[in-house]
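> Each chain is listed here by its residues.
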Amino acid sequence: MTFPWNRAESQLSREIAHHLQQLTDEYLRQGYTREEAARQARKDFGGAEQFKEECRDERRFAWLTGLRQDIVFGLRMMRRTPVVTAAAILSLALGIGANTAIVSLTLAILLVAAVAAVSIPALRASGLEPSETLRQE
Amino acid sequence: MPPKPTELIQGTLDLLILKTVAQGPLHGYGIAQKILVMSKEILQVQQGSLYPALHRLERKGFVKSEWKPSGNGPMAKLYSLTPAGRKQLQEEKRQWQRYTGAIDMILGED
Numbered sequence: 263m264t265f266p267w268n269r270a271e272s273q274l275s276r277e278i279a280h281h282l283q284q285l286t287d288e289y290l291r292q293g294y295t296r297e298e299a300a301r302q303a304r305k306d307f308g309g310a311e312q313f314k315e316e317c318r319d320e321r322r323f324a325w326l327t328g329l330r331q332d333i334v335f336g337l338r339m340m341r342r343t344p345v346v347t348a349a350a351i352l353s354l355a356l357g358i359g360a361n362t363a364i365v366s367l368t369l370a371i372l373l374v375a376a377v378a379a380v381s382i383p384a385l386r387a388s389g390l391e392p393s394e395t396l397r398q399e
Numbered sequence: 070m071p072p073k074p075t076e077l078i079q080g081t082l083d084l085l086i087l088k089t090v091a092q093g094p095l096h097g098y099g100i101a102q103k104i105l106v107m108s109k110e111i112l113q114v115q116q117g118s119l120y121p122a123l124h125r126l127e128r129k130g131f132v133k134s135e136w137k138p139s140g141n142g143p144m145a146k147l148y149s150l151t152p153a154g155r156k157q158l159q160e161e162k163r164q165w166q167r168y169t170g171a172i173d174m175i176l177g178e179d
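Quick note, the sequences are listed as chains A and B, same order.
Take 263 as the starting number for the first sequence in the numbering used here and just add one per residue.
Take 70 as the starting number for the second sequence in the numbering used here and just add one per residue.
The set of hints was computed from the structure by calculation and includes no laboratory data.
Note that this is a predicted model, so its numbers are computed, not measured.
Treat the hints with care, since some could be wrong.
Using 20 Å as the maximum straight-line C-alpha spacing, the simulated DMTMM-like pairs for lysine to aspartate or glutamate come out as follows [to be verified]: (1) B:129 <-> A:306; (2) B:162 <-> B:173; (3) B:129 <-> A:298.
Which stretches of chain B does chain A cover? Using the computed rule of at least three CB atoms under 8 Å from a CB of chain A, they are [to be verified]: (4) 77-91; (5) 108-121.
Cβ atoms here follow ideal geometry from the backbone N, Cα and C, with glycine treated the same way.
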């Protein structure tokens, strides 16, 4: 079973195995024994693991290159349309600001009221008198 | 006894790969064979070194790959040239010819 995250890896293995197989077949046609043919194929191919690692490096690097290109492209488009960019930044700023303000206010009111509503009866039940501040809230 | 195959000069492998896949899709083994045949067995690439080069060329968008049944055998990854690769091939070919032309001018100066 192949998972998407190791598809590239299994394809790399298959690709290299395929190459080694063809080299081996060629040596078999030339009359080498099975073992000797496989050995020659590996020798012609060179260090498979090292080459695989170099291929993986390409893949890792590809991700980074893609990200860099996307960022550069994004910035360039933003610079080309300053009005749209300014409008977008302004709306974001206003949106975040308004949200923060409202949430802070709501929390302050609701939370304090909730604390008072829960704690005043609880305090009275245990025979204590709530402080002046708490009753005022 | 035939002379030993010559090792590739650093940096020429990409050019050779682009050239060999320009005439139609090939898998790695096919590319290695083609380089050997086209150079009349003078140039020998270390076969495994094709793959990092192929993957690099693919990342740069000069070749694209596809899994297809190869002849009678199992599925193989076939590489072919993209339009960008074709342009790159022309460019690298021109640079190579300039380079070897310049070396020849110096060596021919007797």
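> Does each hint fit the structure? Answer for all of them.
Results of checking the hints against the structure:
no.	hint	result
1	B:129 <-> A:306	27 Å, violated
2	B:162 <-> B:173	16 Å, holds
3	B:129 <-> A:298	38 Å, violated
4	77-91	violated (count 0)
5	108-121	holds (count 6)
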